[in-house]
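A.B. asks: Sequence:
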Amino acid sequence: MAAGDVEISTLVPEGEWTDESLAVLVQGYERKIAEMGAEPGEIKSYIAPTDLGGVKIRVVWEKGGGAQ
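Taking the numbering used here, the leading residue of the sequence shown gets 1, the next gets one more, and so forth.
Zero decoy hints are in this set.
Simulated pairs of lysine-lysine, DSS-like, Cα-Cα distance not exceeding 25 angstroms:
#1 Lys44 / Lys56
#2 Lys32 / Lys44
#3 Lys32 / Lys56
To be clear, the hints were calculated from the coordinates, so they are not data collected in a lab.
With these hints in hand, go ahead and build the complete structure from the sequences.
C.D. replies: In structure tokens form, the structure reads like this:
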């Protein structure tokens with residue numbers, strides 16, 4: 001991440017998520033970042049499984065070079 005970028009992240013343990021709930025959670029984070037002023041092309045979402053069956057979610061606003 002570059003200086004000034006914004007990240008929302010969470011770890012959801014095994015058994016506390018489904019594909020549907022995961023999609024809703026990611027969409028909610030993307031919406032929150034968009035409400036902060038991010039353009040659609042600046043929002044990146046990453047979902048990674050953990051070794052214990054959970055998932056780590058990261059939604060990042062990768063601000064362009066001219067952003068303050």
